[in-house]
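Asks: Listed below are the residues making up each chain.
Number of protein chains: 2
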Amino acid sequence: MKYRFSKSLDGFSSSAVREILKLTQGSSIISFAGGLPAEEFFPLDAVSEAFKRVIEGGKSALQYGLTEGYKPLRESLCRRMASKNMHVTPDEMMLTTGSQQAIDLLTRVYIDEGDIILVERPTYLAALQVFQAKGAKIYSVESDNDGMILEDLQAKIAQHNPKLVYVIPTFSNPAGRVWSLERRQGLLKICRAAEVLILEDDPYGEIQFKEGENYPSIFSLAGKAEGNGVVYTSTFSKTVAPAFRTGWVIADQEIIRQMARFKQSADLHSSTIDQQTLYHLLEHFDLDAHIALIREHYGERMRFMTNLLSELNWPGLKWEEPKGGMFIWVELPEQIKAEDLLKIAVQEGVAFVPGSTFYAENPQYNTMRLNYTHTDRETTILGMQKLAKAMESYLQNA
Amino acid sequence: MKYRFSKSLDGFSSSAVREILKLTQGSSIISFAGGLPAEEFFPLDAVSEAFKRVIEGGKSALQYGLTEGYKPLRESLCRRMASKNMHVTPDEMMLTTGSQQAIDLLTRVYIDEGDIILVERPTYLAALQVFQAKGAKIYSVESDNDGMILEDLQAKIAQHNPKLVYVIPTFSNPAGRVWSLERRQGLLKICRAAEVLILEDDPYGEIQFKEGENYPSIFSLAGKAEGNGVVYTSTFSKTVAPAFRTGWVIADQEIIRQMARFKQSADLHSSTIDQQTLYHLLEHFDLDAHIALIREHYGERMRFMTNLLSELNWPGLKWEEPKGGMFIWVELPEQIKAEDLLKIAVQEGVAFVPGSTFYAENPQYNTMRLNYTHTDRETTILGMQKLAKAMESYLQNA
Numbered sequence: 001m002k003y004r005f006s007k008s009l010d011g012f013s014s015s016a017v018r019e020i021l022k023l024t025q026g027s028s029i030i031s032f033a034g035g036l037p038a039e040e041f042f043p044l045d046a047v048s049e050a051f052k053r054v055i056e057g058g059k060s061a062l063q064y065g066l067t068e069g070y071k072p073l074r075e076s077l078c079r080r081m082a083s084k085n086m087h088v089t090p091d092e093m094m095l096t097t098g099s100q101q102a103i104d105l106l107t108r109v110y111i112d113e114g115d116i117i118l119v120e121r122p123t124y125l126a127a128l129q130v131f132q133a134k135g136a137k138i139y140s141v142e143s144d145n146d147g148m149i150l151e152d153l154q155a156k157i158a159q160h161n162p163k164l165v166y167v168i169p170t171f172s173n174p175a176g177r178v179w180s181l182e183r184r185q186g187l188l189k190i191c192r193a194a195e196v197l198i199l200e201d202d203p204y205g206e207i208q209f210k211e212g213e214n215y216p217s218i219f220s221l222a223g224k225a226e227g228n229g230v231v232y233t234s235t236f237s238k239t240v241a242p243a244f245r246t247g248w249v250i251a252d253q254e255i256i257r258q259m260a261r262f263k264q265s266a267d268l269h270s271s272t273i274d275q276q277t278l279y280h281l282l283e284h285f286d287l288d289a290h291i292a293l294i295r296e297h298y299g300e301r302m303r304f305m306t307n308l309l310s311e312l313n314w315p316g317l318k319w320e321e322p323k324g325g326m327f328i329w330v331e332l333p334e335q336i337k338a339e340d341l342l343k344i345a346v347q348e349g350v351a352f353v354p355g356s357t358f359y360a361e362n363p364q365y366n367t368m369r370l371n372y373t374h375t376d377r378e379t380t381i382l383g384m385q386k387l388a389k390a391m392e393s394y395l396q397n398a
Numbered sequence: 001m002k003y004r005f006s007k008s009l010d011g012f013s014s015s016a017v018r019e020i021l022k023l024t025q026g027s028s029i030i031s032f033a034g035g036l037p038a039e040e041f042f043p044l045d046a047v048s049e050a051f052k053r054v055i056e057g058g059k060s061a062l063q064y065g066l067t068e069g070y071k072p073l074r075e076s077l078c079r080r081m082a083s084k085n086m087h088v089t090p091d092e093m094m095l096t097t098g099s100q101q102a103i104d105l106l107t108r109v110y111i112d113e114g115d116i117i118l119v120e121r122p123t124y125l126a127a128l129q130v131f132q133a134k135g136a137k138i139y140s141v142e143s144d145n146d147g148m149i150l151e152d153l154q155a156k157i158a159q160h161n162p163k164l165v166y167v168i169p170t171f172s173n174p175a176g177r178v179w180s181l182e183r184r185q186g187l188l189k190i191c192r193a194a195e196v197l198i199l200e201d202d203p204y205g206e207i208q209f210k211e212g213e214n215y216p217s218i219f220s221l222a223g224k225a226e227g228n229g230v231v232y233t234s235t236f237s238k239t240v241a242p243a244f245r246t247g248w249v250i251a252d253q254e255i256i257r258q259m260a261r262f263k264q265s266a267d268l269h270s271s272t273i274d275q276q277t278l279y280h281l282l283e284h285f286d287l288d289a290h291i292a293l294i295r296e297h298y299g300e301r302m303r304f305m306t307n308l309l310s311e312l313n314w315p316g317l318k319w320e321e322p323k324g325g326m327f328i329w330v331e332l333p334e335q336i337k338a339e340d341l342l343k344i345a346v347q348e349g350v351a352f353v354p355g356s357t358f359y360a361e362n363p364q365y366n367t368m369r370l371n372y373t374h375t376d377r378e379t380t381i382l383g384m385q386k387l388a389k390a391m392e393s394y395l396q397n398a
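Residue numbers (full-length UniProt numbering), protein chains in the order written: chain A, 1 to 398; chain B, 1 to 398.
Heads up, a few of these hints could be off.
Which copy is meant is left open, because identical chains are indistinguishable; a pair holds if it fits in one copy or across any two.
The list that follows gives simulated cross-link-like pairs (lysine-lysine, DSSO-like), each with its CA atoms no further than 27 Å apart [to be verified]:
id, residue 1, residue 2
1, Lys7, Lys137
2, Lys163, Lys2
3, Lys163, Lys7
4, Lys389, Lys343
5, Lys22, Lys59
6, Lys52, Lys71
By construction, these hints were calculated from the structure, which means they are not laboratory data.
Turn these sequences into a full structure, and let the hints guide you.
Replies: What follows is the structure in structure tokens.
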């Protein structure tokens with residue numbers, strides 16, 4: 001039978017890069033491509049303990065739950081958010097299947113085909129995919145190491161009348177950037193004046209390398225949730241473990257209520273076993289001490305990789321040392337196309353993500369994203385050697 | 001700030017019934033309204049054992065997984081499906097957050113605004129919501145206790161040129177019906193001739209009360225997945241426990257591949273902790289013996305409730321004894337509006353779902369759905385007494 005698929009599928013650009021990276025899954029190729037946390041730091045014992053408590057709670061733990069998510073976990077997360085100056089009630093929060101689902105649900109309740117969304121340049125690929133699948137028009141705002149250039153933001157808002165601005169202001173994916181306070185405040189002010197909703201995606205905010213620095217979320221700058229014009233999402237994937245697929249979103253109750261209606265028809269609710277496990281984990285495990293441990297190790301791995309990058313001595317290689325998060329954004333000499341380099345690199349046995357995939361438009365081809373959290377020292381050395389060989393071979397054939 | 005929500009929200013009819021039922025949540029009201037399994041039969045020890053095995057597998061159990069779902073569970077489910085004459089490979093299967101997500105994802109990849117979907121009369125409310133949110137036009141096909149009336153199906157296909165037919169052929173929600181073999185074969189033949197995709201929703205198929213009877217799935221009648229024109233979905237929610245939110249969908253690989261692309265942007269993947277737990281449960285726990293136990297108890301509860309219904313002696317009360325599943329579909333005397341009865345019933349302390357909510361169009365107001373799986377004998381007696389009192393009060397005020 002001939003299938004008559006939705007035209008939404010046209011929104012998904014098939015990507016040669018994705019096809020190449022698929023080949024590396026499950027193979028022996030060293031991957032700097034994924035955004036995987038280091039498994040060796042997963043708090044397996046604490047998870048096991050927490051699950052025991054769920055089971056001790058009896059059989060009702062296995063029943064259907066609320067679409068908005070397990071309430072004790074929401075209450076616990078509200079306290080955690082309050083410690084970061086985000087003051088919300090459990091009714092202003094919903095638990096989701098990772099923060100990815102928060103992006104998807106907000107898009108479903110807020111965006112119609114042809115609506116305009118502004119994003120950073122570059123930005124998170126899987127958010128672009130969500131927006132594209134919904135038929136949104138996406139424009140990128142010129143951005144530097146301090147965040148979006150406010151003049152360009154203002155100009156693009158005036159020009160396009162967007163409904164939504166999507167940002168990852170703290171240790172962004174892919175660029176590893178952190179926005180300055182001035183840019184955060186500026187974004188908020190400009191968007192409020194134009195009634196443009198802000199979606200603040202914060203999966204990496206906890207992975208901070210410099211002690212003492214403070215990067216207040218845009219949500220916290222916007223004050224109480226009601227009418228504040230900011231939707232904030234985060235996740236346990238980077239601080240506890242991804243397999244729980246548990247994220248949360250906070251926003252004006254009016255927005256949460258609409259997202260919950262869509263979530264109900266999307267999947268009724270996310271796994272409450274996982275939500276209950278995470279609740280007990282938060283109650284009995286020092287998550288902040290654990291995050292401190294991750295910060296230390298990831299910071300080390302980042303410095304280890306940037307040192308190796310320096311040793312490469314490729315002329316024209318540029319990067320900014322990340323202040324947190326999971327990625328180094330590398331600019332290659334202008335004549336080098338990272339997608340072509342990737343093909344050779346995979347033959348050598350190492351993978352990365354060409355930066356071009358992270359652009360809504362006019363990709364910059366001489367860029368790449370390197371993940372430093374998932375590989376140990378030895379593997380990182382080996383991978384960088386392979387990368388060096390790939391580059392040599394690229395330059396010889398150029 | 002004034003929010004500019006998507007017009008998709010218009011698709012969600014706000015329902016007075018849903019508002020009333022919300023009031024009953026967490027209250028002391030006896031509920032025949034939900035579709036909840038009986039908690040006392042949840043295999044808590046087996047779940048605990050299975051989770052231990054996940055933990056024993058080490059920290060990699062907590063890492064990101066495949067969008068399509070944990071492969072060993074897919075393999076295990078393929079064997080289980082094969083025992084029911086549904087022969088698929090793991091590539092023709094995807095794990096979802098409950099079968100609800102399978103309905104949503106198929107709708108996202110297959111349906112555009114204005115496309116036509118045919119459904120049973122009555123049918124599952126939360127499927128109607130998914131279709132409505134996508135802007136589909138829904139028409140119901142006249143149905144009786146043997147399933148859709150094939151003449152009406154054929155006429156409506158000719159008239160509307162639908163893309164999809166959605167059916168729950170085995171122990172349907174809400175009507176508790178089971179389609180005859182003739183109707184199953186007829187549906188398949190007619191839909192194939194017209195190139196209409198069939199979505200077969202089978203959450204209740206395992207909850208069968210009559211031994212020896214055999215209700216082959218439409219998918220099994222359609223032969224191998226490739227090109228068979230049937231998408232089949234089921235779930236662990238009714239046989240193991242809902243909190244895992246783990247369902248699966250099988251179909252032509254072309255369809256699974258497109259659904260996986262949408263799932264990736266919807267939530268990357270569902271909880272792999274839950275999927276791994278269910279895998280170990282399937283390997284070390286006699287699920288079929290457990291299902292036999294559920295069948296026995298649910299059958300008892302069904303007969304207990306239908307006996308109480310008989311004792312009500314309401315003139316004009318009609319129902320068909322379900323051969324499986326979780327619901328009794330009750331037809332009240334024609335002058336009685338179940339939505340009005342519900343208001344009084346809730347005051348008396350008992351709830352049910354008025355049948356009118358389960359219709360795509362032209363609801364039949366003198367119907368109600370009763371769930372018999374969640375309440376024990378004592379509670380069921382009490383609830384039926386309250387229901388009797390509500391009816392008395394209704395008739396007095398009529």
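Asks: Honestly, which of those hints from before does the structure not fit?
Replies: none
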